[in-house]
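**Student:** The chain contents come next:
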Amino acid sequence: MNEQASMDIYAPHAWRHGTMVAGVRWKNPVGTASGTFQLAAVGNFYDVAQLGAVSTKGVSTVPWEGNPAPRTAESPAGTVNAVGLQNPGVDTYLVDELPKLKALGATVVTNVAGHCDDDYAQVVEKLADSPADMLEINVSCPNVSHGGMSVGTDPVALSHLIERLRKITDKPMVVKLTPNVTDIAGIARAAVESGADCLSMINTLVGMRIDIRTGEPIISNVTGGVSGPAVFPVGLACVWKVRQALPDIPIIGIGGIDSGEKALEYLYAGANAVEVGGAALVEPTAPLRVAHELELLLDARPELADKLAKGDTWR
Amino acid sequence: MNEQASMDIYAPHAWRHGTMVAGVRWKNPVGTASGTFQLAAVGNFYDVAQLGAVSTKGVSTVPWEGNPAPRTAESPAGTVNAVGLQNPGVDTYLVDELPKLKALGATVVTNVAGHCDDDYAQVVEKLADSPADMLEINVSCPNVSHGGMSVGTDPVALSHLIERLRKITDKPMVVKLTPNVTDIAGIARAAVESGADCLSMINTLVGMRIDIRTGEPIISNVTGGVSGPAVFPVGLACVWKVRQALPDIPIIGIGGIDSGEKALEYLYAGANAVEVGGAALVEPTAPLRVAHELELLLDARPELADKLAKGDTWR
Amino acid sequence: MTTASFIPTTAQATAAGYYPPRRTVEVTGVRQLAQGVFRLTFRDAFIAEHAKPAQFVNLYSHNPLHMSPRPFGVADVHGDEVAVIFAVVGYGTDEFSRMQAGDRIDVLGPLGKSYDVGADAHYVLVGGGLGIPPLLRAAQVLSAREDATVTTVFGYRNEHFADEFVAPFADRALAIDESEGNVITLLERIEHELRTGQRPVTILSCGPLQMLKAVSSWAANRDIACQFSLEERMGCGYGTCVVCVVDTVDGRQKVCVDGPVFTPEQLGWTE
Amino acid sequence: MTTASFIPTTAQATAAGYYPPRRTVEVTGVRQLAQGVFRLTFRDAFIAEHAKPAQFVNLYSHNPLHMSPRPFGVADVHGDEVAVIFAVVGYGTDEFSRMQAGDRIDVLGPLGKSYDVGADAHYVLVGGGLGIPPLLRAAQVLSAREDATVTTVFGYRNEHFADEFVAPFADRALAIDESEGNVITLLERIEHELRTGQRPVTILSCGPLQMLKAVSSWAANRDIACQFSLEERMGCGYGTCVVCVVDTVDGRQKVCVDGPVFTPEQLGWTE
Ligand SMILES: Cc1cc2nc3c(=O)[nH]c(=O)nc-3n(C[C@H](O)[C@H](O)[C@H](O)COP(=O)(O)OP(=O)(O)OC[C@H]3O[C@@H](n4cnc5c(N)ncnc54)[C@H](O)[C@@H]3O)c2cc1C
Ligand SMILES: Cc1cc2nc3c(=O)[nH]c(=O)nc-3n(C[C@H](O)[C@H](O)[C@H](O)COP(=O)(O)OP(=O)(O)OC[C@H]3O[C@@H](n4cnc5c(N)ncnc54)[C@H](O)[C@@H]3O)c2cc1C
Ligand SMILES: Cc1cc2nc3c(=O)[nH]c(=O)nc-3n(C[C@H](O)[C@H](O)[C@H](O)COP(=O)(O)O)c2cc1C
Ligand SMILES: Cc1cc2nc3c(=O)[nH]c(=O)nc-3n(C[C@H](O)[C@H](O)[C@H](O)COP(=O)(O)O)c2cc1C
Ligand code: FES
Ligand code: FES
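Residue numbers (this note's numbering), protein chains in the order written: chain A, 1 to 315; chain B, 1 to 315; chain C, 1 to 271; chain D, 1 to 271.
Hints in this document: simulated from the structure, not taken from any laboratory. Be aware that one or more of the hints could be misleading.
Below 30 Å or equal to it, Euclidean Cα-Cα: the simulated DSS-like pairs (lysine-lysine) are [said to hold, decoys possible]: (1) B/171 <-> B/310; (2) B/102 <-> C/52; (3) B/310 <-> B/102; (4) B/171 <-> B/102; (5) A/307 <-> A/171; (6) D/213 <-> A/100; (7) A/102 <-> D/213; (8) C/113 <-> B/100; (9) A/100 <-> D/113; (10) C/52 <-> B/100; (11) B/126 <-> B/307; (12) D/213 <-> D/113.
Here are some chain B residues the structure puts well away from chain C; computed CB gaps all over 12 Å [what the hints assert, rightly or not]: (13) 43; (14) 71; (15) 168; (16) 258; (17) 284; (18) 310; (19) 312.
Away from chain C, derived, C-beta distances all over 12 Å, residues of chain B [to be verified]: (20) 154; (21) 166; (22) 247; (23) 302.
We treat Cβ as the ideally placed atom computed from N, Cα and C, and that holds for glycine.
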């Protein structure tokens with residue numbers, strides 16, 4: 001077989017199928033997933049403004065140093081990571097990453113991390129007047145106000161947090177859900193009823209690896225988050241279940257997406273848009289490739305493309 | 001590279017490293033996972049009594065017809081299945097599968113399914129005097145006594161069920177945990193405190209696939225259970241967490257095992273034994289291969305092998 | 001790392017009285033028969049010797065992301081070479097279509113129950129599209145028999161990809177494509193001969209469900225016995241996972257070991 | 001199925017002013033150098049032209065179960081061929097060791113920061129085990145310079161797998177194995193010359209952490225400048241995932257883009 005003609009992803013491109021996500025127009029339905037995108041790194045590989053949106057690394061009130069190394073282990077068709085949300089803090093973000101991204105013309109989803117409710121509130125306050133297009137609240141961080149469990153596992157704690165954040169900002173607020181819960185639809189409902197404009201899912205699954213040469217866990221934090229193709233069917237089921245429970249809430253589908261076909265499955269499950277995470281770690285241009293592949297698939301599905309452009313979803 | 005010498009797995013074999021699981025001696029630490037083993041099928045491929053144990057397909061009070069086809073979809077490094085626990089019922093099992101397995105010399109873990117607490121109780125009653133070596137209570141079935149959710153997701157409902165079953169039988173009772181919960185250690189504790197002798201984990205993760213040609217779910221039940229290498233790091237983390245919370249309870253590790261190395265990771269995480277599921281669907285002799293591979297790895301780890309033989313665990 | 005291989009061989013298995021395991025065999029050729037339709041041959045003496053009509057083999061992708069079995073009816077056998085004929089519909093069939101002689105492929109089988117061809121009869125082999133391959137094997141097996149007459153009735157979408165293979169084995173080979181009609185069109189044409197022939201008629205059929213049902217009802221109205229080979233998504237292909245079910249009058253049965261051959265009576269297709 | 005490929009080429013990327021993407025290149029040879037140690041060469045003009053000492057490349061397994069990058073220091077460059085030298089320690093290195101000329105492999109790079117070799121100096125390249133390969137590239141680059149003297153100080157466990165490669169590039173090449181001592185043994189032997197030489201001495205080092213710390217303390221006591229190339233498990237290798245951190249006096253930094261080269265001052269290794 002001959003190799004296929006390689007299309008030029010660097011050429012200026014007029015995207016044919018945009019999507020509306022909680023009132024924000026994305027050029028196309030493909031963004032990057034938080035924690036797998038930093039402009040200083042990805043910007044070397046392609047024009048990041050070509051993406052539907054970029055979700056940036058979780059920012060906290062002050063710089064966080066995260067977990068000690070090693071932070072990563074390979075797992076079948078995926079990886080287990082425990083970065084511990086290392087980031088330079090929201091103040092640096094506001095003068096560095098965010099203005100640069102906006103100057104390039106990117107649609108920016110700013111991911112917010114916190115170890116207690118006050119943390120989240122302080123970060124959101126600082127972001128309220130920023131040029132960020134959307135805020136994405138990562139409620140999977142271990143939370144001290146909540147006994148070390150993440151707020152994203154408890155509908156009551158989550159409502160409390162989201163209500164508080166809702167009062168601080170009018171920006172479209174995405175709540176990013178963890179799949180490590182008994183009833184994701186119940187958590188989703190709590191988020192929406194307390195003011196979320198949009199939901200994104202899934203964050204990583206809890207997992208680990210052991211080095212059989214030593215008998216000890218590979219990553220310093222022992223457990224970490226599983227991402228990559230392995231989690232794809234789990235993310236898809238989460239989106240499906242939440243879409244069934246909440247027909248109207250905008251949803252960003254995440255988890256294991258590495259092709260236009262997989263992105264399309266999320267759209268058919270009821271997502272308005274998707275984000276590519278782990279795939280970009282091993283193939284820097286993966287998100288842009290996925291966006292182009294999806295565009296061809298949407299060309300052949302005008303009904304779906306129309307719905308997305310209007311802010312509607314397949315289900 | 002030359003192919004490696006193929007050892008004869010059919011030759012009579014004196015296993016060098018047995019394990020004790022809740023007082024029951026397994027010839028080696030490798031069993032089959034429930035739902036992936038039926039004697040009438042697997043018995044054609046090798047002597048099933050060579051395994052540490054066989055966990056048979058979940059049996060219910062009366063025959064269950066399960067879900068309509070299609071019941072399976074492929075997912076990255078795994079599959080999504082929704083059999084719906086089709087089985088011929090416990091009465092047939094007691095005169096067919098079980099006596100045949102015992103006649104062959106197999107150690108049998110009888111997996112029990114139920115749609116309400118009474119179901120479980122009736123099956124366990126019928127099995128109480130049977131030659132089954134262990135009973136494995138699959139608490140992941142959708143349960144009508146519990147509003148359609150499985151009992152395995154609610155510590156209170158679970159305690160109630162296990163206490164009731166404990167009164168019916170003195171057989172070693174394994175409770176098989178689902179990973180689709182917020183706090184598996186809490187569920188584990190509830191099972192142990194209400195009388196479980198042993199825990200097995202994990203059952204499948206909830207997942208799905210969509211056919212992009214139709215936009216519709218591939219399997220009739222929409223969602224199903226993900227198994228295979230993809231779930232390996234998740235199962236391992238569950239065993240680790242439960243072992244940390246409950247240092248003394250015997251644990252059977254399950255999920256994504258397709259090699260001696262992966263089995264060994266579960267033993268290092270604190271399992272007493274393991275079961276091989278999905279791998280056997282695509283390679284009928286996989287469980288026996290894994291048992292042999294693990295034996296060589298244990299030869300090189302006498303300390304671990306000793307602990308297992310005594311009913312202790314690495315952690 | 002493990003230093004010994006515990007993946008058994010067919011020779012070891014059969015010597016010990018067991019069924020051959022999943023094994024890696026040599027692809028001896030891949031040929032395109034029509035747009036998107038390929039014939040792949042591989043060398044496996046056990047399958048070649050034992051494959052009965054409607055029995056199938058599992059082929060497996062080399063890509064471990066795509067673990068599930070891909071079942072294909074055995075289409076024909078020459079010496080120790082086995083042929084399957086398939087349409088490219090997804091990942092696995094695309095991969096197989098790109099293979100070349102000398103490549104390796106993993107197989108399991110032969111699997112499933114055969115058509116019952118024990119009787120002295122006029123066998124009418126009614127196949128549609130990619131349901132045709134198992135009927136080729138049926139024709140091949142029956143052609144060796146004195147007591148059987150074979151008529152083949154094949155319906156294609158367009159290209160007649162299998163006619164060349166059945167020609168040597170059929171007493172009479174009919175084929176049609178969508179531009180002209182379907183297998184029922186052909187059955188109508190030979191109805192008179194079927195009624196008046198000396199041997200009792202048995203239809204062996206395989207193809208899309210809609211076609212099978214049409215054949216079933218056509219045959220029922222004429223009191224002709226039928227056997228249908230079905231398809232269903234499979235988890236194992238050898239009877240252990242209960243994933244591949246079809247609804248029968250005796251409840252949900254496994255296509256892989258209770259079938260793939262079922263009678264209209266079993267399926268409750270009798271009107 | 002998608003009908004066009006959106007995997008870009010190096011030519012497209014560089015024409016547009018971007019860094020080359022992950023790409024598939026040709027393996028030109030694999031040679032065993034010692035028990036468990038291999039040298040693999042591949043053809044990639046971009047890396048060949050741009051790889052500076054201590055920069056590394058990500059290689060990727062063909063097996064999609066093993067997705068993570070495998071980083072290796074560029075060992076040397078000839079024309080458009082790039083060599084890496086590695087020990088077989090796990091899945092990926094085992095796979096790479098079995099490759100042959102003509103096979104394809106996926107690469108990304110060159111990645112990371114280089115040793116600073118801007119100064120007119122006597123460079124002492126101190127390498128241990130599989131820390132030696134990046135120093136080969138350093139010797140190769142420095143050998144082209146008039147203003148640099150190169151002494152190599154290599155410590156092996158047993159077989160001297162890299163001596164043949166460094167010979168053409170070093171003014172003086174010393175090597176030792178565990179039966180005789182370690183790199184400190186060699187440094188002690190040449191200490192006098194280092195002190196009395198005309199050019200200022202800079203140590204470039206790479207190897208096991210324990211060795212680096214020993215070299216650091218040896219050099220600190222003698223006021224010799226050092227640069228260390230570190231290793232850490234990587235998620236991306238190009239700075240986007242913050243997985244590959246090392247503790248520095250300025251906090252946790254990324255080995256892949258802030259390093260792999262760090263000074264003892266940065267690492268707080270100054271006593
Ligand atoms: C008993 C039996 C005999 C068959 N004989 C033939 C034959 O001779 N020639 C032929 O072209 N096809 C045959 N099929 C159908 C063939 O198995 C599928 O077309 C093939 O598995 C598709 O694989 P894929 O990887 O290309 O598709 P993918 O969509 O990538 O496959 C994903 C999974 O779904 C399964 N799957 C997808 N479509 C089907 C289907 N229609 N039936 C069953 N499983 C499916 C695959 O086996 C695989 O497990 C037969 C099926 C059965 C059950
Ligand atoms: C900047 C840099 C340069 C390197 N240069 C060389 C070199 O020139 N020669 C050489 O032999 N080795 C080098 N290494 C180490 C080399 O990357 C690992 O030995 C290799 O990745 C192991 O891969 P594997 O698939 O065989 O092991 P596996 O255990 O199967 O790998 C699983 C995962 O863990 C990672 N991993 C395992 N061990 C290491 C390790 N020691 N360091 C980093 N990641 C690891 C792998 O990259 C992979 O992502 C370098 C490492 C770094 C960070
Ligand atoms: C290295 C790494 C870091 C991550 N950091 C964050 C983060 O800061 N905030 C967040 O909400 N999600 C974070 N995630 C989760 C991803 O955004 C995404 O939800 C998850 O990886 C599943 O998608 P994938 O399978 O495409 O990777 C991180 C994931 C990875 C792999
Ligand atoms: C087809 C299929 C059927 C299953 N049926 C049962 C069952 O009846 N009872 C049960 O407890 N677990 C059942 N399981 C779950 C497995 O026993 C096992 O817990 C799970 O598949 C994870 O292991 P694996 O990754 O090795 O497959 C089933 C799994 C599969 C794939
Ligand atoms: S496919 Fe497993 S029982 Fe039929
Ligand atoms: S490996 Fe990803 S930032 Fe270094």
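**Student:** Evaluate each hint against the coordinates.
**Tutor:** Now the hints, each set against the structure:
no.	hint	verdict
1	B/171 <-> B/310	holds, 20 Å
2	B/102 <-> C/52	violated, 33 Å
3	B/310 <-> B/102	holds, 24 Å
4	B/171 <-> B/102	holds, 16 Å
5	A/307 <-> A/171	holds, 23 Å
6	D/213 <-> A/100	violated, 39 Å
7	A/102 <-> D/213	violated, 44 Å
8	C/113 <-> B/100	holds, 23 Å
9	A/100 <-> D/113	holds, 23 Å
10	C/52 <-> B/100	holds, 29 Å
11	B/126 <-> B/307	violated, 34 Å
12	D/213 <-> D/113	holds, 20 Å
13	43	violated, 9 Å
14	71	violated, 5 Å
15	168	holds, 27 Å
16	258	violated, 9 Å
17	284	violated, 6 Å
18	310	holds, 25 Å
19	312	holds, 25 Å
20	154	holds, 28 Å
21	166	holds, 30 Å
22	247	holds, 30 Å
23	302	holds, 18 Å
Hint compliance for this structure: hints 2, 6, 7, 11, 13, 14, 16, 17 are not met, and every other hint is.
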